[in-house]
Amino acid sequence: MHISPVLWQFLVKWLHASALFPAEASTIAPYTDALYFFLLLITVIGLVLVGALIFGFSIRYRRQRNPVATQVEGSTLLEATWTIIPLAIFLVVFVWGAVLYFRIYNPPANSMNIYVIGKQWMWKAEHPGGQHEINSLHVPTGRPVQLTMISQDVFHSFSIPEFRVKREVVPGRYSTVWFNATTPGTYHLFCTQYCGTQHSGMIGEIVALTPEDYEKWTQQSTSGMSLAQNGERLFASMGCNACHNGTAAARGPSLAGVYGSHLTLSNGSQVLVNEAYLRDSILNPSQHVTAGFAPIMPTYQGQISEDGLIDLVEYIKTLNSNYRVQQTYVTSQSNQAAPTTPSEMVKP
Amino acid sequence: MSTAPIAISNTIVQLPDQTTATLPKRNYINAESGMLSWLLTGDHKRIAMLYLASITFFFFIGGAFAGAIRLELLTPQPDLVASDTYNKMFSMHGIIMIFLFLVPSVPATLGNFLIPIMIGAKDLAFPKINLLSWYLYMIGGTLTLAALVLGGVDTGWTFTTPLSTHYLNTHVITAASAIFVAGFASIFTGLNFIVTIHRMRAPGMTWFRMPLFVWSNYAASILMVLGTPVLAIALVLVALERTIGIGVFDPTKGGDPLLFQHLFWFYSHPAVYIMILPGMGVISEVISTFSRKRVFGYTAVAFSSVAIALFGFFVWAHHMFIMGVSNFSALVFSLLTMLVAVPSAIKIFNWAFTLQKGSITFETPMLYAFAFIGLFTIGGLTGVFLGSLGLDIHLTETYFIVAHFHYVMVGGMLMAFLAGIHFWWPKMTGRMYPESVSKLSAIISFIGFNLTFMPQFILGYLGMPRRYHAYPADFQVLNVLSTAGATVLGVGFLMPLLYLGWSLKYGAIAGNNPWQATGLEWQIQSPPLTENFLVTPIVTQEAYDYEWLEKKTKQEVTTVG
Amino acid sequence: MDNLIASPHALEDQELMPGETVVHEPHTLLPQHRHHFETEEQQREAGSFGMWLFLLTEIMFFGGMFFAYLLYRNWYYPAFAVASNQLNVPEGAINTAILITSGFCMALGVWAAEVRKKKFLVLMLVLTTVFGVAFLGVKVDEYHEKYEHHHIPGASFSIAEFVNPAAYHIDERPLSPDMAQHTQLFFFLYFAMTGMHALHMIIGIGILGWLIWRANRGEFSTGYVAPIENFGLYWHFVDIVWLFLFPLLYLINRHLAH
Amino acid sequence: MASNPHTDVHDPANITNPEHAEHHIVTPFQYGLVFLTLLVFTGITVGAAYVNLGPMNPVIALLIASFKAVVVILFFMHVRWQSRLIKMTIGAGFFTFLVLITMTLSDYISRAWGLW
Ligand code: HEA
Ligand code: HEA
Ligand code: CUA
Ligand SMILES: [Cu+2]
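Chains as they are written, first to last, in my numbering: chain A, 1 to 348; chain B, 1001 to 1561; chain C, 2001 to 2258; chain D, 3001 to 3116.
I should point out that these hints are in silico values taken from the structure, not numbers from a laboratory. Cβ coordinates follow ideal geometry from the N, Cα and C atoms, glycine included. Please note that the accuracy of each hint is not assured.
[Claimed, not checked] With a straight-line cut-off of 30 angstroms between C-alpha atoms, the simulated BS3-like cross-links for lysine-lysine are:
hint : chain 1 : residue 1 : chain 2 : residue 2
1    : B       : Lys-1128  : C       : Lys-2118
2    : B       : Lys-1357  : B       : Lys-1025
3    : B       : Lys-1025  : B       : Lys-1554
4    : B       : Lys-1128  : D       : Lys-3087
5    : B       : Lys-1025  : B       : Lys-1552
6    : B       : Lys-1025  : B       : Lys-1551
[What the hints assert, rightly or not] Here are some chain B residues the structure puts well away from chain C; computed CB gaps all over 12 angstroms:
hint : residue
7    : Leu-1023
8    : Glu-1032
9    : Leu-1040
10   : Ala-1068
11   : Ala-1146
12   : Asn-1169
13   : Met-1320
14   : Gly-1374
15   : Arg-1431
[Stated by the list, open to error] Calculated from the model, a selection of chain D residues having no Cβ within reach of chain C, i.e. all distances over 10 angstroms:
hint : residue
16   : Arg-3080
17   : Ser-3106
18   : Ser-3110
19   : Trp-3113
Put together the whole structure using the sequences plus the hints.
Here it is in structure tokens:
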């Protein structure tokens, strides 16, 4: 819906100032709000209509004025009207809502990725550069940020009202959401899915920083090890490289370049290798056996934490050539393992 | 006592001369006496009264929890109770209100009492199963109280896995079995209604002569019979998972937690229509009676009940939009949600047009019915907000939902229940409730209700999550309003308890048909005889045929007692 | 829709109505007639309709488990196939036959009641019970076997046989440990479904005992067949559930086993 | 028991009330045929399981099971001679069951479609 931008801003500012309305701090927010106001309008119209009918008739046909009722059977025309008009309105709402849904859940290709782990009762964010945060999340404004989220125990839900985005954080599987913050500031972060005793304590803050400030922040809070570097260590210490060493004699397939590729499985189907697939093939390897290999890989279910899995996944994502795999024999000091600055963190 | 009902007066109440009137000598209440005669009764009317007493009891327990919740939320800090206590409070509030109050509210009390009479039968088809249903309900209630006394449950009423199966060590199994047992109570009620409506109608009572109340209860019964067992099996699986922990719902063992959600909502979405449909039936009766007019578009209203019941089975995943159902399913379920909203809209407009050209009076039931229409419209349309995929992302799991469902459940069904209780009180007890006090309480509840739940819509859009024990201080003002409203609302709900109790002894004698309504139930004495009809009625008139009633009233000399 | 709309007993009773009062003259009605029904016919039809509605709830009740089975069978097909091969097909097949026989006896029982042959009715009910108990007996044996092989889900569940079948002289390909873990899901569903089925049988046998007692007193040989008929519906429904359980649980991927 | 005072009071002629959809009595012979059919198909279903039919194995098994179920419903449970109401009731039950299965399954199947 197109309200004049001036009017829109006025309305939003005014509502916000009277604390009846959350700030619009992401690019999505105006879209959500537009649908919201449209629906509010429909509701008000519907309510006024129904109210007018009820009160109008009540006054016009009250016993004192109309002592004898006139029996009416019904009217096909009228009834068709109030079947079709609401139906049409609801269908518009459906289409609009569906478009919005895909806008919110379909990240742009160039978004930067941050991992989020939910557990009773805290949020842990892991930036690709290795910065860890608890119950807070620093993001730059002006560029799309995708969150890849997973829960270690029960359902949680990651909600940023000022951005109008929210997504369930599910145990056992990655879920994603993205946003593009517009205004620097500090915003609420809530866990909105009931998750046990301290559910209401599972809150935090979203700090949206200008790109420059964000740059500064990443520099200051780096732990020195990127996720991929952590993953590299794990890869060695868990013994993965015993099989995945990229040599001809290796019992497992080479993982170089596997991310983003299409694999053929032994049952003939094709899969796209994404984060979820990588995670799953570490935990349930026999679920999808790569063609040409025996199902000998052991399961790591219960042996690697979700953090560790994220590290491994990030590491595997960075393996683009056999050369890197060879390198894993020596725990590398390489700073090539993963980009530390956001500008390089572009998803392939 | 005047025979013609068309006196120009403020009220159509046709009370017999109070100086000479007495209650009928023989009626279902005094047919037998003693505790056992109630506990072992097969009479649908007595079972209805048993149900009425028990659901009222549970309503006030649930209401007490609501009061405590609102009190805690008065301040942003977690100060009144501990977190897990708070969680137990809203869980018990939800469980009690839904399974022990709202689901049985209209069907098991008014429906039980009236359906056989409305279709001209002497009782429900299976009186013993009807009684069994009440006992199951009581066992369920007792188990719930046991779970409460033993220390409570904190799953929320939705029992979300894997939280409920692996992460809570409260009395989940006790609560689950309580719901399991109470579920069978509602299955048996529904089964009884369906058989009765199909098989026991009086001669001449065709389907399209049945009062709309019967239609809507029929539709709700279908949902009870087909939906509830799925909830039962879901709860059985939760209990098994909790005790032996196999992993049907546990992702670390290869199970899918969403499977539980599918099974749970397969029941619980139809359940919301179990909760609203019988209330809609009440509204049809009340609106028609007090505007003295046949319901506008009888067939459309009747079929829309059935349509709601049918479509109600196809939309459950709208409770799981962001929980990980596929995008394809989200789309399908969102579309179907839009479709299921239409029959409700049809009903609203048909009721509004029933008033047109009527001769309207404003007794208490009518006030409640007006409240229903307004509040249900708000509640229903905000349901459409939630059904709209993109908006649900922002609104789900916030107070917006809490407001939505209180508008439909409290503003809708509870108001309809109160409308029905007032409307049929004279029939059930033989005595009138006091009119002006009850009007006052209707108005108080209406104001209190809006004050309580309107701010929650705003809170929801601001992002305040539901099931929060403590919240950021910026939300306080609206929460204070809400708590204030709840206090008013509490008064509004406490008043009927008092004056209805009072009226049992001191209320005016009602006579057979104080409202001059057309239903068969109004053509027999109040309170009715155990066997309802001395002579099985032969139905020749349509439902809501006020001309027929007028003729009939003119002919007969009304006697009471 | 027609027969829904017509009141089922609208016309036949009309002449009676005006004079009829609530005080029934007992000699016009059977002892089992309940006061609130107009006719025997109405009571009978209400009874069987009610029974059918109850069976609908049973369909949905088992339906939830069938869906869980369907889902996990597709997800973990190898585990389900191998675990299914550990079930005892001969015993399962014999049990199917036993149950069908029991259902057959029940059907004959209904016939006996209809044609008022008391002795035959009692005999058939007894046979129904006997076959029902036999079914449960076989089931107990199967459960016991699962117990011995540590196939009962829970703490003592062991996947050893699936990971290393050769060591147990089982002619199967080994499963990887993580897939083998999912055999537990199979056995959980196996026990939940057959257990729930067995529970229905046990309840049924209890009712059968009561019916035999009543039949023996001659209650059902005077044309009052409703209880027998309705119980028959229940019993046959329980059979039907088994008719699906047997192929679904026992017969997954049998041809690869040997 | 013939001595039971209740039993010989009155011959309940209205069990086979002519005005009503007559109460059909299935003969033992018919039951016997059904019984044999069921046994035979049980044999077939076991046999079919040991033949490699690829993805058709479960389909065949389910078809046979459904066939047997229909036979039981029609004959043992007398539905063939029942009123339309009963038939519709049973239909409604299976319909709802199918709704549960198909709509839920469609979620699981379409999850693999990613954005679609
Ligand atoms: C009585 C109970 C009841 C009723 C009747 C309804 C009715 C509806 N509900 Fe509601 N709902 C609940 C009880 C109920 N609900 C509960 C308890 C929850 C939360 C459960 C939990 O999580 O704890 C819930 C949650 C809920 C959700 C899930 C939100 C989420 O978790 O994210 C959704 C989403 O689609 C929804 C939608 C609807 C819709 C579309 C209707 C429709 O049926 C409404 C139809 C009615 C109307 C549309 C109004 C009449 C229309 C008019 C007068 C026309 C107006 C005029 C014009 C259009 C011009 N409801
Ligand atoms: C029929 C259903 C029903 C009814 C009638 C109500 C009635 C009320 N509810 Fe309820 N509510 C639910 C169903 C219902 N609720 C459900 C299903 C949930 C979700 C639970 C969950 O998340 O799992 C919920 C959740 C819920 C919440 C959200 C809690 C949270 O998410 O943290 C709130 C908060 O305001 C609330 C408030 C109220 C209020 C103020 C009333 C008022 O209308 C109540 C008014 C009545 C009274 C106040 C009683 C008056 C009597 C007395 C005060 C006397 C007391 C007597 C003694 C102490 C002996 N409810
Ligand atoms: Cu985590 Cu709520
Ligand atoms: Cu719903």
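Here is how each hint holds up against the structure:
| no. | hint | verdict |
| --- | --- | --- |
| 1 | Lys-1128/B x Lys-2118/C | holds, 28 angstroms |
| 2 | Lys-1357/B x Lys-1025/B | violated, 40 angstroms |
| 3 | Lys-1025/B x Lys-1554/B | holds, 25 angstroms |
| 4 | Lys-1128/B x Lys-3087/D | holds, 26 angstroms |
| 5 | Lys-1025/B x Lys-1552/B | holds, 24 angstroms |
| 6 | Lys-1025/B x Lys-1551/B | holds, 27 angstroms |
| 7 | Leu-1023 | holds, 20 angstroms |
| 8 | Glu-1032 | holds, 15 angstroms |
| 9 | Leu-1040 | holds, 15 angstroms |
| 10 | Ala-1068 | holds, 35 angstroms |
| 11 | Ala-1146 | holds, 24 angstroms |
| 12 | Asn-1169 | holds, 18 angstroms |
| 13 | Met-1320 | holds, 15 angstroms |
| 14 | Gly-1374 | holds, 35 angstroms |
| 15 | Arg-1431 | holds, 25 angstroms |
| 16 | Arg-3080 | holds, 13 angstroms |
| 17 | Ser-3106 | holds, 12 angstroms |
| 18 | Ser-3110 | holds, 14 angstroms |
| 19 | Trp-3113 | holds, 16 angstroms |
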